[in-house]
Amino acid sequence: MADRDKYSVLLPTYNERENLPIIIWLLVKYFNESGYDYEIIVIDDGSPDKTLDVAKQLQKIYGSEKIVLRPREKKLGLGTAYIHGIKHATGNFIIIMDADLSHHPKFIPEFIQKQKEGNFDVVSGTRYIGDGGVAGWDFRRKLVSRGANYITQILLRPGASDLTGSFRLYKKEVLQKLVNSCISKGYVFQMEMIIRARQFGYTIGEVPISFVDRVYGESKLGGSEIIQFLKGLLYLFATT
Amino acid sequence: MIPKLFQWLLGAGLFIAVWLAFVLEKVDIQLTEIQRTLVLISPLLAVGIFGLVSAVIVLYRVSTFNDCKEAG
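Chains A and B are the protein sequences, given in the same order.
Reminder that position 204 of the first sequence reads as 204 in the UniProt record's numbering, one-by-one numbering, no gaps.
Reminder that position 42 of the second sequence reads as 42 in the UniProt record's numbering, one-by-one numbering, no gaps.
Careful, some of the hints might be misleading.
No farther apart than 20 Å at their CA atoms in a straight line, the calculated lysine to any residue pairs in the SDA-like style are these [claimed, not checked]:
id, chain 1, residue 1, chain 2, residue 2
1, A, Lys171, A, Tyr235
2, B, Lys4, A, Arg196
3, A, Lys142, B, Val23
4, B, Lys4, A, Asp100
5, B, Lys69, A, Asp100
Simulated coverage check for chain A against chain B, where a stretch passes if three residues somewhere in it have a Cβ under 8 Å from a Cβ of chain B [unchecked claim]:
id, segment
6, 38–52
7, 188–202
Selected chain B positions facing chain A (in silico; Cβ < 7 Å) [claimed, not checked]:
id, residue
8, Pro3
9, Gln7
10, Arg36
11, Val58
12, Arg61
13, Val62
Read the hints as simulated data drawn from the structure, not as lab findings.
Note that the Cβ used here is the ideal one computed from N, Cα and C, for glycine as well.
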């Protein structure tokens, strides 16, 4: 492929020693098959399970050109992980995804194609349209997800169907600007990113993805999560 | 751009202004008894219909939410 574009994949990790070899193997596989230039930036937040040691071994296998390690001392949050990663990224595009295999790297070539189609500033993976979907969700989980998404669509009219997903491709300078202007945490952070993108007039493309929730359980949909989500929603409703 | 909150307040304010004008009979339009009742309960109707339509849409979307079994 004769273009000069390079894609930096940011992988924030915390206790992912089991998943990291698989996700990196898949990333390398799909990038090599599609021929795009890439690098994988692993940002490990001092995982007690020694994810970093695994990452170092992977770096030996695939080379320090492709696997870049930018660890941090302790868990410092997603927003700052992105800022940290962008600083070290040499690509002109940044791909963010979960390292826990919730997101499959096979979709990345589709993200890239979609971006080229419309020269989009952001390409967002979506569970809600086309062939997109989820794996292993019961009725309640689907209902909460669809309900929350519906309310958000009504209140914010964001022009993107999946606001809380975290599988996205950004132009580097766009991500930089968005990260700097977003203050929310957790779920709401991803939502704020896409809402601000719309506010700044950036264009957004969408790619249907399947989402396999690896951390389904009390951690993700407890009462405090829902309250946090509603607070974030109201904050964006009143300010954007 | 005006924040979404104020867009909603503006819309709701306009609606309530028109509604009050009818309810308090400030407009010079003759309404039948049925029409008057309809106007009186129109805010409730609007909310009720919106809620009903929303519920149907959300349930439809839940039922068509793809289950990507092969991905699991």
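Can you verify the interface hint for Arg36 of chain B: is its Cβ closer than 7 Å to any Cβ in chain A? This interface hint is violated because 31 Å lies over the 7 Å limit.
Does the CB of Arg61 of chain B sit less than 7 Å away from some CB of chain A? holds, 5 Å
Can you take a look at whether the segment 38–52 of chain A is actually covered by chain B? Rule is 3+ residues, C-beta closer than 8 Å. violated (count 0)
Hint status (Cβ of Pro3 of chain B to nearest Cβ of chain A, threshold 7 Å): holds, 6 Å
Holds or violated: is the Cβ of Val62 of chain B closer than 7 Å to a Cβ in chain A? holds, 5 Å
Tell me if the interface restraint on Val58 of chain B is satisfied: Cβ within less than 7 Å of some Cβ in chain A. holds, 5 Å
Between the alpha carbons of Lys142 of chain A and Val23 of chain B, is the straight-line distance 20 Å or under? Distance ~42 Å between Lys142 of chain A and Val23 of chain B Cα, so the pair is violated.
Do three or more residues from the segment 188–202 of chain A put their C-beta atoms closer than 8 Å to C-beta atoms of chain B? violated (count 1)
Under 7 Å, Cβ to Cβ, is where Gln7 of chain B needs to be relative to chain A, so tell me if that hint holds or is violated. violated, 9 Å
Restraint status (C-alpha distance of Lys69 of chain B to Asp100 of chain A at most 20 Å): OK: Lys69 of chain B and Asp100 of chain A at ~18 Å, within 20 Å.
Just to be careful, I want the Cα atoms of Lys171 of chain A and Tyr235 of chain A compared with a cutoff of 20 Å; is the pair within it? violated, 26 Å
Given hint Asp100 of chain A paired with Lys4 of chain B - CA-CA distance at most 20 Å: With a Cα-Cα distance of about 35 Å, the restraint between Lys4 of chain B and Asp100 of chain A is violated, given a limit of 20 Å.
Figure legend: structure checked against the earlier numbered hints; hints not met, in rising order: 1, 3, 4, 6, 7, 9 and 10.
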